[in-house]
Amino acid sequence: MSTIVSLPDQATAKLPAKSFLNQEYGLKSWLLTGDHKRIAILYLISISFFFVIGGVLAGLIRLELLTPPSDLMATDTYNKVFSMHGIIMIFLFLVPSVPATIGNFLIPLMVGARDLAFPKINLLSWYLYVAGGIFVLSAMVLGGVDTGWTFTTPLSTHYLNTHVVTAAMGIFLAGFSSIFTGLNFIVTVHRMRCPGMTWFRLPLFVWGHYATSIIMILGTPVLAITLVLVALERTMSIGVFDPTKGGDPLLFQHLFWFYSHPAVYIMILPGMAVISEVISTFSRKRVFGYTAVAFSSVAIAVFGFLVWEHHMFIMGVSQYSALVFSLMTMLVAVPSAIKIFNWSMTLYKGSITFETPMLYAFGFLGLFTIGGLTGIFLATLGMDIHLTETYFIVAHFHFVMVGGMLMAYLAGVHFWWPKMTGRMYPEAISKTAAVITFIGFIVTFFPQFLLGYLGMPRRYAAYPADFQVLNVFSTAGASILGIGYLLPMLYLPWSLIYGKIAGNNPWQATGLEWQIQSPPLTENFAEIPIMDHEAYDYEWLANKTQHEVQTVG
Amino acid sequence: MTEKTQETHQDAEVHVVKPPVYLAIFLALLALTALTTGISFIDLGVFNAVIALAIACFKASLVVLFFMHLHYSSRLLKLTVAAGIFTFLLLISLTMTDYISRAWGMF
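For the record, the sequence lines run as chains A and B.
When the letters of the first sequence are read in order and numbered with the numbering used here, they come out as residues 1 to 553.
When the letters of the second sequence are read in order and numbered with the numbering used here, they come out as residues 1001 to 1107.
Bound conformation, chain A alone (with noise of 0.2 Å):
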């Protein structure tokens, strides 16, 4: 199979003598950094332990669902197991992994600046990242919280007495994190492009991320306003939740999924930033619809804020309203679909090659359109009453979460790995490692659509004992996922020692990232590059490669 990978000879290669992997040492010039991509390592690290966690809290879930009765775990413990996973996954996984790290990398790079606009800000993320960890890992120690990830009112402020408020506090804190990664690239994007970089010679990578950021800076304060009103109302009993006070518990929910639906394109906008940069390099083709691709970014961040109530129609809201919510949920579709098809327009007549990142894009292509289509089925109003709460829901949103963020992730990380680490990851097995999480998710994750469409519910340890074929399915395929994921924590530190030496540019790729060493230095451009071309312009890229004069040594 043909290839566009281009090591360096391996007999004389080596890493570069100087990078910022080197620069200093020792613990404190990781801990006191300014450095955005040592930030972005310190972030991944983090990020990776607490997907370890989520990981095995999920293993459980599927344990305990493996037969019908509640046998492996009381069923208080089964809440607390699901609601740590969600809220280990969405908030310390899912709303980072993107942005904070291969983002933090990536963004000054290709911007052509020397570091994000804040670097202290960038370091204090990490750090309330960290607290906020913290708080939510003490919560499960502690005892737990079964209150879902939701915290939904009247539950978690009248019923339950678990560590709410210590997790809501966790959360509170990462919140505040991801509102400081997001101003970092704003501002970075607005005023420190190098010259030449206009806004439509930015990657699409760029673009996704100024729509991410967007989000993170308008919703997530409402999010940490209303997780502060749900502690108040369990402390002082404010009333503001509480019926009996003229409050309304249905208005957490409209303030809760105000952020936490935006929220959900906080997640996936990063991922879909990372496919258009995979499959422009590996079809070797400029991404078809440059414009309306950068656009159906920004258009996905303003529609993600006008769609929220679509999680309440079930709850009691009006008629009226749950038809303009469900009018407008459809409306996002279009933005997402005009990147499914500009994707695939661009793999049309390109020069396609199957790296390790290009498989995990492929993946993220079925998966993400799977996830994509049910959600209309759920923006139905009809079809909601029926689904709703059932397993169809949990299938929907881990097909998009899982099936499309996890799998833009892995193909970041495999994409970039050369360029963080001056290494290559061990190509045969990594490809193996893609072909099995793509199998072991498919396993895991369809039978539940159809479980739910036969009416299993969610948040359930026990059901009845039609349903356990099914299940045992789900249960098989996340083993098989599991090790899918596990393969890539072995070899990715394998290869920090034992893989080739990448040199600057192993995929040919066009980005200004690519066109310096790797790992690149702490002030990443010797000079600072002038933007002289448009954005994935590979006749640019085979110009100055035929014109580049080698020097060895």
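If you're looking for bench data, these hints aren't it; they were derived computationally from the structure.
Each hint should be verified, as a subset may be incorrect.
Unchecked claim - Cβ-to-Cβ under 8 Å is the rule here; a few derived chain A residues that face chain B:
#1 Gln23
#2 Glu24
#3 Leu218
#4 Val222
#5 His254
#6 Phe258
#7 Phe303
#8 Leu306
#9 Ile314
#10 Val317
#11 Gln319
#12 Tyr320
#13 Ser321
By construction, the Cβ of each residue, glycine as well, lies at the ideal position given by its N, Cα and C atoms.
With chain A's structure known, arrange chain B on it following the hints.
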């Protein structure tokens, strides 16, 4: 400040607000607080909350425009603040589509 540093700061568009302006705004805020307190002694029915909120919004605008220098800032910064206000209005108005129409029942 030398001419050279002024040139480099031109980009940031630093505007020095004179103390009398601050004082005037401060006095206006005090007067409006007194007005809010005074008006709370008169029962205006449904307008009680409306007037209190209107005065509060006006005071907040004064703070944002003058104390926080938005009045003298670039259009981009004004747009940024407008985006925040727009999002807040979305939150209120779309939530109200639920609250005003719950009594309409089925149709």
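Against the structure, the hints come out as follows:
Evaluation of the glutamine 23 of chain A hint against chain B yields a violated restraint, the C-beta minimum of about 28 Å exceeding 8 Å. Hint status for glutamate 24 of chain A relative to chain B: violated, with the closest Cβ pair at about 30 Å, above 8 Å. Given hint, leucine 218 of chain A at the interface with chain B, holds; its Cβ is 4 Å from that chain's nearest Cβ, closer than 8 Å. The criterion of a C-beta within 8 Å of any C-beta in chain B is met by valine 222 of chain A, whose closest approach is roughly 7 Å, and the hint holds.
For histidine 254 of chain A, the shortest C-beta to C-beta distance to chain B is roughly 5 Å, which falls under 8 Å, so the interface hint holds. Below 8 Å, beta-carbon pairs count as interface contacts, and phenylalanine 258 of chain A has one with chain B at about 5 Å; its hint therefore holds. The interface hint given for phenylalanine 303 of chain A is violated, since its Cβ lies 11 Å from the closest Cβ of chain B, which is over the 8 Å cut-off. The interface hint given for leucine 306 of chain A holds, since its Cβ lies 7 Å from the closest Cβ of chain B, which is under the 8 Å cut-off.
Checking isoleucine 314 of chain A against chain B by beta carbon gives a least distance of about 13 Å; that is not within 8 Å, so the hint is violated. The interface hint given for valine 317 of chain A holds, since its Cβ lies 5 Å from the closest Cβ of chain B, which is under the 8 Å cut-off. About 6 Å separates the beta-carbon of glutamine 319 of chain A from the nearest beta-carbon of chain B, less than 8 Å, and the hint is met. Using the Cβ-Cβ criterion of 8 Å, the hint placing tyrosine 320 of chain A at the interface with chain B is satisfied: the shortest such distance is roughly 4 Å.
Among the interface hints, the one on serine 321 of chain A holds; its C-beta lies about 4 Å from the nearest C-beta in chain B, closer than the 8 Å criterion.
In the structure shown, a violation is registered for the earlier hints numbered 1, 2, 7, 9, in ascending order.
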